[in-house]
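Protein chains in written order, with the working numbering: chain H, 1 to 317; chain S, 1001 to 1171.
Hints in this document: simulated from the structure, not taken from any laboratory.
Being a predicted model, the structure only gives us computed values, none of them experimental.
Please note that a few of the clues may not be correct.
Unchecked claim - Far from chain S by the CB rule (all over 12 Å, computed), these chain H residues: (1) Ala34; (2) Gln37; (3) Asn43; (4) Phe62; (5) Asp99; (6) Trp128; (7) Ser166; (8) Val183; (9) Pro204.
Said to hold, decoys possible - Only part of the chain S face toward chain H is listed, based on derived beta-carbon distances under 7 Å: (10) Thr1021; (11) Ile1022; (12) Pro1025; (13) His1136.
Even for Gly, the Cβ is constructed at its ideal location relative to N, Cα and C.
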Amino acid sequence: MNPTLLIILVVLGILMGAMTVAALLIWLERRLLALWQDRYGPNRVGPFGLVQVVADMVKIFFKEDWVPPFADKPVFIMAPAVIMITVLMSFAVIPFAPDLFVVDLNIGLLFFLGMSSLGAYSLVLAGWASNNKYSLIGGLRASAQMIAYEVFMGLSLMGVVMLSGSFSLRAIVEAQRDMWFVVPQFLGFVIFLIAGIAETHRLPFDIPEAESEIIAGFHSEYSGLKFGMFFVGEYLGVTLISAMTVTLFFGGWLGPEFLPPWAWFLLKTFVFICLFILLRAGLPRPRYDQLMAYGWKILLPLALLNILVTGAVVLAG
Amino acid sequence: MISILRSLWLPFLHMFRKRVTIQYPDEKMVLPARWRGRIVLTRDPDGQERCVACYLCSAACPVDCIALQATEDEHGRRYPEFFRINFSRCIFCGYCEDACPTYSIQLIPDYEMAEYDRQNLVYEKEHLLVDGTGKHHDYNFYRIAGLSIGGKDKGKAEREDPPVDVKALMP
């Protein structure tokens, strides 16, 4: 087949797949949260409540998409687009199977880190453009939290880079054939997971959008499809961090022969998505200063220690 | 850190427990007989309505949702000419049931009373009167009270002594 056509098909396939997963996450999150809270989630609308996704999407589409007159219009409209673009771009470098990826950048990991840094812009711009004190507070807290946790997100991955010798995600997966990197790099895995949860501002790090505190934080002025884009962008971020954790620490598509590689990838990503939802079900939200102190005073030194020890071991042996 | 992992493990275990939701309307909750639901007017074991239109229930009602008018039939037995309860006001407290001397007005465990039009929530006597005796099966007020009405003279009630002629005790 024409290689350009193949690439376009793969791109469209991954795009549609990512959007489908984000839409299904609406249903999955509600059902799993309910499962862990001794109740049923939506179970009326279709078989097992699956048509609830359609009902939610119809609701979001038909809501009044109002731009406040006191808001900064171009920035206000652009902010949700920024997060969708950065998260979807990051999906381009992830290897779903040995031959199923959009592009194999030799700096794929760096690209992912750069895109997540750009994603912080959308929160800041949304909080600023809303021209509303609570959105501003939410945006400020979001930017401080995301910048803080991004620092050691990158540092915690340096151990993986040292062990595999490359920034390319395909090479990292290939280097895990003998042993998944979660075993030698357990500390790096824990730090990356915590930093990833903070990047997608999910519970317990969801101060920016704390539902019961500052109403909806940086997206309180958003309604209709723009809010829908933030919402879907958050679920896409969850999927992205799960996929990255699986690729970097749990062997990507590697697994015994009885399932095809992409099935192993999907299965492992699914487990991590469920872990994200379990975190939401089980943990309370820390206070903002406790959150920042935890980041700067505990996780950053641990990430640096991880690099030190890994570097020493790699150099020595 | 251990406490965080414990906070995750315990909700995870909830996955293996039964869910506490009652799937209304497929399953309904089992209600005790004293549950204060819809108000009904009950009848005697003999089939006549128990209400004597004493106005005690409307006086006891905290939100004044009961309206009635007393009248007498040809045998001297009091009954309500109309009896109206406005269920959009009723708070289902049960004070009317406690105040009633004849066990006429009772609250039964029925709550499915939703209406589309607010006027349909005002129940008249024909909507409230039921054919049964409600929660108290044997009580007939007029058999016990000392009032003389058509069919029962003074002294003929249960456990009532016959009337004494006070003028006959004169020395």
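Distance rule for alanine 34 of chain H, whose beta carbon must clear each one in chain S by more than 12 Å: violated, 8 Å
query: asparagine 43 of chain H clear of chain S by more than 12 Å, beta carbon to beta carbon?
result: violated, 8 Å
message: Over 12 Å from every CB of chain S: does proline 204 of chain H meet that, or does the non-interface label fail?
response: Proline 204 of chain H is in fact no farther than 12 Å from some Cβ atom of chain S, at 9 Å.
Hint status (Cβ of threonine 1021 of chain S to nearest Cβ of chain H, threshold 7 Å): Nearest chain H Cβ about 5 Å off; hint holds.
query: Does aspartate 99 of chain H really sit off the interface, with its C-beta more than 12 Å from all C-beta atoms of chain S?
result: It holds; aspartate 99 of chain H is separated from chain S by about 36 Å at its closest Cβ, greater than 12 Å.
- prompt: Is it correct that the beta-carbon of glutamine 37 of chain H has no partner in chain S closer than or equal to 12 Å?
  reply: violated, 7 Å
Distance rule for valine 183 of chain H, whose beta carbon must clear each one in chain S by more than 12 Å: holds, 19 Å
message: For the restraint on isoleucine 1022 of chain S, tell me whether the closest CB of chain H is nearer than 7 Å.
response: violated, 10 Å
query: Minimum Cβ distance from histidine 1136 of chain S to chain H below 7 Å?
result: Violated, about 39 Å.
task: May I ask you to check that serine 166 of chain H keeps its beta-carbon over 12 Å from the closest beta-carbon of chain S?
output: Consistent with the label, serine 166 of chain H stays out of reach of chain S, its closest Cβ about 32 Å off (over 12 Å).
message: Min Cβ distance, proline 1025 of chain S to chain H: is it shorter than 7 Å?
response: Constraint on proline 1025 of chain S not satisfied, violated at 11 Å.
Separation of tryptophan 128 of chain H from chain S, once the least beta-carbon distance is taken, above 12 Å: holds, 33 Å
Violated hints, in rising order: 1, 2, 3, 9, 11, 12, 13; the structure is consistent with all others.
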